[in-house]
Amino acid sequence: MNPHDVPARPPFSVRARLLTPLAAGGTFHELDGLAQVDAAGRLTYVGPATDRPADSGGAIDLRPWVLMPGMVDTHAHLPQLPNAGVGFALDLLTWLDRLTFPTERSWADTAVAERLAPPIFRAFAAAGTTTVLAYGVVYEAAMDAAF
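Residues in the sequence shown are numbered consecutively from 492, following my numbering.
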């Protein structure tokens, strides 16, 4: 199986390696784990697959994949993300003048935000980032369109 076999909507159970931080510190690692999600989208069980609840049904087996909580990006400049990895040989001021400032100014056009924001957010999700503190631009209409 592969991750694309996971249903778009709950309920479902996923069998995989589990890796998650613990509130008290350290990590929890289970080589053969199970995560169960109820119809409301809440985790109802996370632990060893051998201790699975009776109502977990047929689990989607993703082993040896690792299931872990979504990542959190605490500092992302939304309008700069199309420039990621571009101009790495430039000094900062040149990079800002040639790439970043023109890109940010382009967001004055709401259509630019409407076109660029969805693939940016999809790229975050594809990389496992589920929460983003996204810095925007001064153009209020563009930010409304992006979010």
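Note that these hints are calculated values from the structure, not bench results.
Every residue gets a Cβ at the ideal spot worked out from N, C-alpha and C, and that includes glycine.
One should not assume that every hint holds.
[As the list claims (entries may be wrong)] Distance windows between CB atoms, simulated:
#, residue 1, residue 2, range
1, A616, L513, 41 to 51 Å
2, R500, L583, 43 to 53 Å
3, V563, G538, 21 to 31 Å
4, A616, A515, 28 to 38 Å
5, R554, L590, 14 to 24 Å
6, A531, G578, 39 to 49 Å
7, L534, A617, 14 to 24 Å
8, T535, G576, 17 to 27 Å
9, A531, R613, 38 to 48 Å
Run through the hints listed earlier and report the numbers of any the structure violates, in increasing order. Those not satisfied are hints 1, 5, 8 and 9.
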